[in-house]
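Visitor: First to last, the protein sequences are chains L and D.
The first sequence begins at 0 in numbering that gives the first Met the number 0 and counts up one residue at a time.
The second sequence begins at 0 in numbering that gives the first Met the number 0 and counts up one residue at a time.
Quick caveat, the hints were computed from the structure, so don't treat them as lab data.
Heads up, some of the hints might be wrong.
Copies of the same chain are indistinguishable here, so a pair counts whether it falls within one copy or spans any two.
[What the hints assert, rightly or not] When the alpha-carbon atoms are kept at most 25 Å apart in a straight line, the in silico BS3-like pairs for lysine-lysine are as follows:
#1 Lys-1 to Lys-45
#2 Lys-150 to Lys-84
#3 Lys-1 to Lys-150
#4 Lys-201 to Lys-1
#5 Lys-84 to Lys-21
#6 Lys-45 to Lys-84
#7 Lys-45 to Lys-150
#8 Lys-150 to Lys-24
#9 Lys-201 to Lys-24
#10 Lys-45 to Lys-24
#11 Lys-123 to Lys-150
#12 Lys-21 to Lys-1
#13 Lys-21 to Lys-123
#14 Lys-84 to Lys-119
Keep in mind it's a predicted model, so treat the numbers as computed, not measured.
2 protein chains.
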Amino acid sequence: MKIYDFAFAPNPRRLRIFVAEKGLKIPLEQVDIFAGKNRTPEMLAKNPAGGLPVVELDDGSCLAESVAICRYLEGLHPEPNMVGKNSREQAVIEMWNRRIELGLFAAAGRAFQHTNELFKARIKQFPEYGATQREAAAQQLQWLDAQIGNKPFIAADRFTIADITAEVAVDFAAQAAGVAADPALKNLARWYESVSSRPSAKA
Amino acid sequence: MKIYDFAFAPNPRRLRIFVAEKGLKIPLEQVDIFAGKNRTPEMLAKNPAGGLPVVELDDGSCLAESVAICRYLEGLHPEPNMVGKNSREQAVIEMWNRRIELGLFAAAGRAFQHTNELFKARIKQFPEYGATQREAAAQQLQWLDAQIGNKPFIAADRFTIADITAEVAVDFAAQAAGVAADPALKNLARWYESVSSRPSAKA
Chain L
0 MKIYDFAFAP NPRRLRIFVA EKGLKIPLEQ VDIFAGKNRT PEMLAKNPAG GLPVVELDDG
60 SCLAESVAIC RYLEGLHPEP NMVGKNSREQ AVIEMWNRRI ELGLFAAAGR AFQHTNELFK
120 ARIKQFPEYG ATQREAAAQQ LQWLDAQIGN KPFIAADRFT IADITAEVAV DFAAQAAGVA
180 ADPALKNLAR WYESVSSRPS AKA
Chain D
0 MKIYDFAFAP NPRRLRIFVA EKGLKIPLEQ VDIFAGKNRT PEMLAKNPAG GLPVVELDDG
60 SCLAESVAIC RYLEGLHPEP NMVGKNSREQ AVIEMWNRRI ELGLFAAAGR AFQHTNELFK
120 ARIKQFPEYG ATQREAAAQQ LQWLDAQIGN KPFIAADRFT IADITAEVAV DFAAQAAGVA
180 ADPALKNLAR WYESVSSRPS AKA
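The shape of chain L in the complex, shown without the other chains (with noise of 0.2 Å):
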């Protein structure tokens, strides 16, 4: 088995936490993102939707999406379980994954593509829309603070792939989009302080 990855892009990132937790080695190829890599015919053969990170299984074909190969990790390697025990907690942990993604992830993600000089030659880019989607990502921050309350971690009594998106989601807002989390949200400061000094973090 084989990721291909990309070290300064989140959704890779997302793998190789989860990888991480899992106490798993697999070898990383990197595929510059930034360069057009990831659509050469050679990967586009691997993952026609030309994204990152895609995984190649040792019978030569590969699966893509972030969360649908933590799945199927999770059913080689069941410990520690991050995806859900049974399908009730299993619901609950993407319910939460999916809050993050197409909140806090998806905004952050906006603004980055339509106010960074990176994009300016790939996509027509909205400044003004973009300005939006900051603020988006900034009320998603205080959204994803009233939630956590004074919960240990976002999705279950335990770490898992909730938290490791949300945590992406965090760096991703602060660092690509220029929106950092206010140290008054109490309760998202401790949950980050609390993963982001777990060993995994810098995965």
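Once you have looked at the hints, place chain D on chain L.
Guide: Then chain D, alone, in the frame of chain L:
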């Protein structure tokens, strides 16, 4: 169990089709998104993210996010299998489901929000941006046609949740974003004819 539904929105329709394919009867209660009824304190207590559908379980707890709810229902009612029979198949189906969500479905949603009168008072609209999202949706339809090729279904040898998402996304793109599938896209047209003639399409 009860579903908080809205007949005119695409995500609740995904769940209704899934429920119909399972042969289940679950009571529906309408919540008018256009009138903001999904954002009342009562509904936000059930789903703090504010979207629909929401399922209220018999113990009073609630689940949100269409795909999370479908995964939960599949746990209770395994046949017909629509989410995957093992972790490999689950990953492949989730990969396709997400490709369509992030591609066609999301582009059509952004086109709808930024070009339709319905959203004028609700968000700051950028009609020119909406136009680029219409183009993106049209490109996604072409991409989907190429991906379907001669396959009977999108992700497996049978109808799955990925077909539901694609079926709803194709209709949503046509009806809400004004991006109808070109009949010259023969693979897509054949697949669409097949899935939309299932009784569940009317759910």
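Visitor: Next step is simple, just say for each hint if it's right about the structure.
Guide: Results for each hint:
no., hint, verdict
1, Lys-1 to Lys-45, "within (12 Å within a copy, 41 Å between copies)"
2, Lys-150 to Lys-84, "within (19 Å within a copy, 33 Å between copies)"
3, Lys-1 to Lys-150, "neither (35 Å within a copy, 28 Å between copies)"
4, Lys-201 to Lys-1, "within (19 Å within a copy, 43 Å between copies)"
5, Lys-84 to Lys-21, "both (15 Å within a copy, 23 Å between copies)"
6, Lys-45 to Lys-84, "between (30 Å within a copy, 23 Å between copies)"
7, Lys-45 to Lys-150, "between (40 Å within a copy, 18 Å between copies)"
8, Lys-150 to Lys-24, "neither (31 Å within a copy, 35 Å between copies)"
9, Lys-201 to Lys-24, "within (14 Å within a copy, 48 Å between copies)"
10, Lys-45 to Lys-24, "within (21 Å within a copy, 40 Å between copies)"
11, Lys-123 to Lys-150, "neither (41 Å within a copy, 34 Å between copies)"
12, Lys-21 to Lys-1, "within (16 Å within a copy, 37 Å between copies)"
13, Lys-21 to Lys-123, "neither (40 Å within a copy, 43 Å between copies)"
14, Lys-84 to Lys-119, "neither (44 Å within a copy, 43 Å between copies)"
When each numbered hint is compared with the structure, violations occur for hints 3, 8, 11, 13, 14.
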